[in-house]
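Number of protein chains: 4
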Amino acid sequence: MAKVRVGVAGYGVIGQRLADGVALQKDMELVGIADVAPTLSVRALREKGMPYALYCAAEDKRADLEKAGIPVSGSLEDLVRSVDVMLDATNAGVGAKNKELYAKFGKKGIFQGGEKNSVADVFFHGYANYEKGIGAQFLKLTSCNTTGLIRAVDCLDRAVGVEKVAITIIRRVADPGDYHRGLTNALQIDQAPSHQALDLMTIMPHIDATGILVHTPVTHGHIITVVASTKKDVSVENAIEFFSAHPRIRVVSIAEGFLGNASFFRYARDLGNPRGDMYEIGLWKDSIVKSGKDLMFAINIPQESVTIPETMDGIRACMGMQKDRIEGTNKTNEYLGIGKWKDLA
Amino acid sequence: MAKVRVGVAGYGVIGQRLADGVALQKDMELVGIADVAPTLSVRALREKGMPYALYCAAEDKRADLEKAGIPVSGSLEDLVRSVDVMLDATNAGVGAKNKELYAKFGKKGIFQGGEKNSVADVFFHGYANYEKGIGAQFLKLTSCNTTGLIRAVDCLDRAVGVEKVAITIIRRVADPGDYHRGLTNALQIDQAPSHQALDLMTIMPHIDATGILVHTPVTHGHIITVVASTKKDVSVENAIEFFSAHPRIRVVSIAEGFLGNASFFRYARDLGNPRGDMYEIGLWKDSIVKSGKDLMFAINIPQESVTIPETMDGIRACMGMQKDRIEGTNKTNEYLGIGKWKDLA
Amino acid sequence: MAKVRVGVAGYGVIGQRLADGVALQKDMELVGIADVAPTLSVRALREKGMPYALYCAAEDKRADLEKAGIPVSGSLEDLVRSVDVMLDATNAGVGAKNKELYAKFGKKGIFQGGEKNSVADVFFHGYANYEKGIGAQFLKLTSCNTTGLIRAVDCLDRAVGVEKVAITIIRRVADPGDYHRGLTNALQIDQAPSHQALDLMTIMPHIDATGILVHTPVTHGHIITVVASTKKDVSVENAIEFFSAHPRIRVVSIAEGFLGNASFFRYARDLGNPRGDMYEIGLWKDSIVKSGKDLMFAINIPQESVTIPETMDGIRACMGMQKDRIEGTNKTNEYLGIGKWKDLA
Amino acid sequence: MAKVRVGVAGYGVIGQRLADGVALQKDMELVGIADVAPTLSVRALREKGMPYALYCAAEDKRADLEKAGIPVSGSLEDLVRSVDVMLDATNAGVGAKNKELYAKFGKKGIFQGGEKNSVADVFFHGYANYEKGIGAQFLKLTSCNTTGLIRAVDCLDRAVGVEKVAITIIRRVADPGDYHRGLTNALQIDQAPSHQALDLMTIMPHIDATGILVHTPVTHGHIITVVASTKKDVSVENAIEFFSAHPRIRVVSIAEGFLGNASFFRYARDLGNPRGDMYEIGLWKDSIVKSGKDLMFAINIPQESVTIPETMDGIRACMGMQKDRIEGTNKTNEYLGIGKWKDLA
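Protein chains in written order, with our numbering: chain H, 1 to 345; chain X, 346 to 690; chain W, 691 to 1035; chain D, 1036 to 1380.
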């Protein structure tokens, strides 16, 4: 079977990881990436010898790229013509504009969480609503926090049924390498309910969700606490069992050395993962407690990489590569090396 | 009536504020404070002209104090002999030892949250269990987080009844001026349930409480989110009304400029409050949401000063100055200037 | 003699402190302050009972202020008409526009460091070039870093002559209470030479200055290291002596407890200084070393309050209240309570 | 020629990178690593399938390792017997004890900067005093800051002669993944002169060095500013030329996107370097300025990885693999892939 041809627009924090993720899928071909400026990430691509072809997404910026010694393989339109599906990881708002180009050439498009929901036909999560994405032209992925949150809530929901969740998002305010952003010695609160709770309800309309988000001055991973009202009563032990069986959840403990969000980054670096990335969310055994009949627990979201697997799932769904949720996500997991570590436990 | 004579052991972050708080109570007399070293706080006391007499709590350290130009008025024993009640704000563990001295001279003692519960006869909160403290010889105050949390939960409980709370504590990891402490670009999680949830249940045994605590690298104020299951259904509007009526809760909004924990500190500094302190907890209107029948909201705890009013309440209770919860806390509020701002609203 | 009538435009971080500073000068009268919005600082002014009259600097914003319960005493023009001199602490760029109003009514104006130098006739520092400010209509103060730096360099220059300085500014990136600013887990470098070095040369043209500035994610006080080439050789002991004699420099040591920038803030809070402010810069004895014949040392700049005394000096100079540098700065020091602490040493 | 057999004691931040570095040297063989506990790093080694054999450095801890599923290949003594040279990256103080074991078996040992200088025969830097290390039994490497600093100073010294340096070290206070360390919203100053200046003089006794160190709450890379008095006058352009020719210095600019210390980490992650590490120090073109005849500039030190190349140099020197500074360091550079990027410029 011919490989599905994929392009990536926007080679920033997410775009780079999407490109790397596609390159690992044996049934896909990364045709190239598009960007507009000689950013550090593009300069790094050059220093690596241009493993991915670069297309220039704005003709008037092409000279800047070439002046910086970056070889340019064509325009964004050239890239779009050559692919089956575009992954759009451009800045919020640009994707909506790019969509017109994708539509013009009859190509599929998958947008990241920063775009408005209206950009896409389906608001998508690989585990929670894979079936809805099958054959769709335009998908929008959930944001990093929502993607990780839904993994855990969907896992619990399929095991014992979830009626209601109240979440507290302790959000990292900037990515490593960001400047001019963020907080200095301050916690900042958003108007409640948080959009992540609302987004969860869009994907899982049978659950009542609300939540409060607090920004914190760190760069490595959000922590979310979840108070979940389940249909069937669930013990802490059973919850550990359910979560541990999920390929994209790592159940860890403080005793092992996972003291906080920075431990996951440290561990992923020590594993030799490119960029120190981790595709799985973390879930602390030590955090799981009962609140009456409800279950409370805390998860860790690696914001830079968590949406990559679900985006690969999205390609599989919209291109009809696998027609089944488990088949599709398993294929993604296989190629990304997700879950192999579970054999060790 | 003779003023109640009060001494303070330990002139650190809390001890200084206790001394200032006592000095404002017109029916109390601050006899003096005790410490062992020429810390910055003790040096500042000297630069201010020794408004409080200093007693040396370790005879072999007296020379250090005098060498630094700090006049010493006597020993800790001298101070204890001269007072009716000692407020103990020494480092964790020292209070248990000091208690022997207080007991030897038949004096009352009030310990801060760092000591073990067993140090005292009563684990005390001015609003939640004032009556239990009346006439007791030894009280222990709840810690800063628990003190602020109980204010809000007790307020709600008295209005509509609270059956269960699940809290997420987003804890500031160090105080302003601390070094050698804390976190750098990391969120750290504690074994759940957090001690604050357990402590709440000790004070309010009719409530089922659990919670997760996450440390964050900031210095100005904890934020706690609370998911409360109430006996009677309560609307957001009613909740605002109940909380707004509490003298030690400031109901604020993002629109007013209270964007996060740092805003309270900024506001208190601009108010001209000594040290930029605030006695009230903050509660964001914008954070109050319904989670099914439950109520969810977020509060801000000014960790350096929040326990001062409840400690004044403790003096009133254990010395029998007021026999009633409302009378006692109102008198504290009057002398500390708490709640006057409500007349403006 | 009639008191000099002073107004303050912009009631933010600096403007509030200017107003408080003027209110302490017995030979000045604070007529009022002007702002445009019900910020937290303006709300705090109201909660304090409006000790300063508020004028509205934008007629179309008056309703917002009144809606928030803030009494408005008139327009900015009303304020300008009623004063002898305006202190302008508005956001960068606004001062240049306000200047037209001050000029229209023939009033004097003193601008803060954010404005362009061209806004004023004289770029002013109370200790370094007081004489140039005498009788001038428009002064611009040096910025916080430059003000503190010049205090130390001018002190050394008058004692032994300074030919050259190379500075490293370790800059706090945001003020307490700021959001949406700054850095998260990053140090950021500016194009060298830093403007502070260039500004120093404008005020002290006989000195060759250069420097590098690095932003750091903290809120309480810049630290500057200075490598100074002096005309006469100076020992560490003599340098301590010179610096200790300066009214606006506190010579401190690590042993006393001044471990870093946060110690000054802690100490000022413990002193009971309003807002925990300190007017003096700190200079660490422990930092002073010889580099060959050069002298190297480190100073601490309390960025929120350091320019207040020099601005008071500026009023004295431009209004001709004192014709002499020492007389003028001494009068400011007397009213602000600067240097009294030296009697304790 | 037989490969030099190398062991690594201590598999923490530095030890892991030493092991990886040795594994890349085609003329060396990594026999194994030794540690005492199932830390995150050791657990990651297991998850990777034990590419390096693990030896247990404390017999009574062996059960802990095995309980965590970590296969143990023998004791530290077993490892020492099997190697030609041990790289000791244990916690400060342990190395001195381990040295007895290395001596007992007549093996060579190279210690990291945390140990006391007296642990070794030679205090070593690959570029500055390679010759002194030739044939020595025990070497101690300079610390991370000193290693990076000496690269730049030695480079300048060999080009134009350096007589004197005054440095300001803006130190990152913790490594990524550290907890219980560091600073929260504070800059902390050390007693001057900093040990790095003193260490530089031990390695380069012909230079007069002093400096001030300030700790900052970040995790990715120290920044050092250097004021260097050179024997021959040197222009900014010439300095750029000298620094650019050094294999272990990357000369970068703000315009390229290197805004601060976090940019190097971001860039190294984007390059796909394991752990996001970089062996080179960074040096900002934009920071280079003249201070009279002196040269001032700023460098960035990647604290986790900077000493790895110089440690490889140390193996080459003490084992007599290369007898010449340039030959030895070039061989290290070749195997670590250092300097290839210069061909792109």
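Incorrect hints may appear among the rest.
[What the hints assert, rightly or not] Okay, the calculated beta carbon distance ranges per label pair: (1) H:G292 <-> X:D688: 39 to 49 Å; (2) H:Q191 <-> X:N583: 14 to 24 Å; (3) X:H540 <-> W:E767: 50 to 60 Å.
Think of the hints as simulated: they come from the structure by calculation, not from any bench. Ideal placement from N, C-alpha and C gives every residue a C-beta, glycine not left out.
For each hint, the structure was consulted:
A hinted range of 39 to 49 Å holds for the C-beta pair H:G292 and X:D688, which are about 40 Å apart. Distance hint for H:Q191 and X:N583: a CB-CB separation of about 20 Å, consistent with the stated range 14 to 24 Å. A C-beta distance of roughly 59 Å is found between X:H540 and W:E767, which places it inside the suggested range of 50 to 60 Å.
Every hint from the earlier list agrees with this structure, and none is contradicted.
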